[in-house]
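> Going down the list, the protein sequences come from chains A and B.
Numbering that gives the first Met the number 0 applies: residue 0 is where the first sequence begins, and numbers increase by one.
Numbering that gives the first Met the number 0 applies: residue 0 is where the second sequence begins, and numbers increase by one.
The set of hints was computed from the structure by calculation and includes no laboratory data.
Every value quoted in this text rests on a predicted model; they were computed, and no experiment measured them.
Just so you know, not all the hints are guaranteed correct.
[To be verified] Label-pair ranges, simulated between beta-carbon atoms: (1) S47/B / L384/A: 47 to 53 Å; (2) A246/A / D80/B: 42 to 48 Å; (3) A36/B / G23/A: 52 to 58 Å; (4) L380/A / N23/B: 26 to 32 Å; (5) D181/B / L384/A: 27 to 33 Å; (6) F286/A / L21/B: 43 to 49 Å; (7) L384/A / E24/B: 41 to 47 Å; (8) P22/B / L380/A: 51 to 57 Å.
Idealized CB from N, CA, C, for every residue including glycine.
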Amino acid sequence: MTRFLPFEVIAALRFLREGRMQTGFILAGVTIGVGVIVFLSALLAGVQSNFIRRVLSSQPHIVLLPPEEVARPQRGGDAGVFEDAVVQRPAQRLRSIDQWQAILGQLRAMPEVATAAPVAAGAALAVRGEVGRSVTLEGIDPASWYEVVRLPDYVTAGTLRLTSTDVVIGIELARLVGVQPGDRIRLSAANGRDAVLTVTALFDVGNKAVNERNVYVALRTAQSLLNLEGGVTSLELTVRDVWDAEAVAQRIHRLTGVRADSWIATNAQFVTALNAQVTANTVIRIFVGLSVALGIASVLVVSVVQRSREIGILRAMGARRGQVLRVFLIQGGLLGLAGSVSGSAVGAGTILAWHSLARQADGTELFPLVVTGSLFAGAALLACLTGVLAALAPALSAARLDPVVAIRG
Amino acid sequence: MADAPGPVLRLIGVRKAYNQGLPNEVEVLHGIDLALARGEFCALIGPSGSGKSTLLNLIGLLDRPTDGRLLIEGLETGALDDAALTRLRGRSIGFVFQHHHLIGAFSAAENVMMPLLLDRGWPQDGMRERAEALLERVGLARWRDQPVGRLSGGQQQRVAIARALAMDPPLVLADEPTGNLDTKSADAAFDLMREFNQERGTTFLVVTHDPRLARRCDRVVEVVDGYLVSDVGVAVPGEGSAPSRTLPRQGPKGPWIP
Ligand SMILES: Nc1ncnc2c1ncn2[C@@H]1O[C@H](COP(=O)(O)OP(=O)(O)OP(=O)(O)O)[C@@H](O)[C@H]1O
Ligand SMILES: [Mg+2]
């Protein structure tokens, strides 16, 4: 009997140890429940961070566009019916954002905005010999734009350099038109202007469409190719909290009058799917938690009945109702705590095993491992609390036992 | 224990009815008057169902009388709330039951120190030593770390007696403490209680059906049908004959003749 624990904890531990069989079974039950929760939560966190990484690696969080430039679905007579599934920007002369330097200054002053960069973008044709592909020409200011999309991180060949005669293209486009770093490529804009530029680097942002379509040139080069001297077609920015992007976009729109699209709005379907996953996970957690709680409660109810005589004798020896109550509450808490420790181990072990076994077709990981200490701490705390709450009814019935009746048995 | 003036226990007109206010209300004790002096070793006898256990439960503060007064060392218990009764019970009264009623999850020594642990809330210096000394006194020093389930019935009852004395209470209540034991173990358990009574001056009230053991007590109180019908001092070797009296039966049925 250690002297560092109060009577209640000592008795709770002894009772659990004495009821080995029941304790073992309920611990297994709690372990499985917590394991499922930890596994699902880690998986969801992994999938979520994977999704965000894929979507946001090559995309700013918010894009500011002049009104005419906004891509709009073409609608038929019936409201809401899309006649054309492919949404394209209307064909018109590129327009610059009015006063874009002033707006950029405003954006950079906003505390929720992390970085902002001007972009001059338009359609173009990339030609090499006989092969031509239509591309999106993105004229960027490397210093600020690399803060929005970390292009240097995605360079797979060559050296990233963007002087007015350089171009950086995706690995997919490089394969299609057959160029290597150091080769030259002709870019022709829709207005007939064209330029021959040197490919300095190839990038792979993990998104095939982007790798195929986007070509990056210096802002000045794009401005002259697109006949946009001094103008920009969009301002692109990142925010500090990616999930806050839509709110920030609306704030920017109110502030500047310029149309601001957040990644959440442009990827509404993905975000909805993600939210559905979160909801499903929450529902599963609640029901698993409930069944864990009911399991603990039923074991303790049986234990109180089995021990009613001992409870009576403890009361005769001077045990207060509160002491009896706490003995059983602590048993519930200990079952929850111990189950959550082993459950966390089981859940983490499962996700680790699956993570190392399950691979994408190309051999890269299926999802990033997001197994954080706070997940375990949260699970332990919640399981402990669940156990105590589950123990409430049996503990109260134990505390209320009439010692005379209990001792007579 | 300091010598408290007056009786350790005093009952005045104590009544107990079960199922009060219900159609099946039944009064089991009809006005019991009783006083136990310090150091008395008193037997409580009577036929089955006469109300002995009921009376012991009241005295042990496990239950409350429906009427009358009950004083422990001069303290009026009727006014105390549940928590105060529990505290008084833990400090002033030791229990020995027919079935030993040890806590199976603990060792012999831990069972003996349980009243101390409950009173203080935490294990403290001296508790274990005190429990081991008591176990040694009842001849079970070798068994102190054994789970109580490994002990024989007689040994378990001796542990229970040691436990009843852990808080050094002024009063120990024993409800048929030897009822479940063979003659040899019964004698050993009874002798132990007698010895503690003489060594420490602890007052004992012992329910027994065994006339042989009752004869070895200082005093025999008899309850029949909820009435205290006789209260007899028994000759104690070396002390001569104690005064003896038979009480008139207060009930409607006339005097009860043993
Ligand atoms: N909770 C209760 N409700 C109703 N009646 C009860 C209750 N407890 C005891 N009784 C009744 O009270 C009477 C006295 O019971 P008690 O147990 O005090 O007798 P006893 O003298 O201890 O008997 P025994 O020698 O058999 O142990 C009995 O008639 C019993 O049926
Ligand atoms: Mg009885």
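> All the hints need checking, so say for each whether the structure fits it.
Hints, verified against the model:
{"no.": "1", "hint": "S47/B / L384/A: 47 to 53 Å", "result": "holds (50 Å)"}
{"no.": "2", "hint": "A246/A / D80/B: 42 to 48 Å", "result": "violated (58 Å)"}
{"no.": "3", "hint": "A36/B / G23/A: 52 to 58 Å", "result": "holds (54 Å)"}
{"no.": "4", "hint": "L380/A / N23/B: 26 to 32 Å", "result": "violated (51 Å)"}
{"no.": "5", "hint": "D181/B / L384/A: 27 to 33 Å", "result": "violated (52 Å)"}
{"no.": "6", "hint": "F286/A / L21/B: 43 to 49 Å", "result": "holds (44 Å)"}
{"no.": "7", "hint": "L384/A / E24/B: 41 to 47 Å", "result": "holds (45 Å)"}
{"no.": "8", "hint": "P22/B / L380/A: 51 to 57 Å", "result": "holds (52 Å)"}
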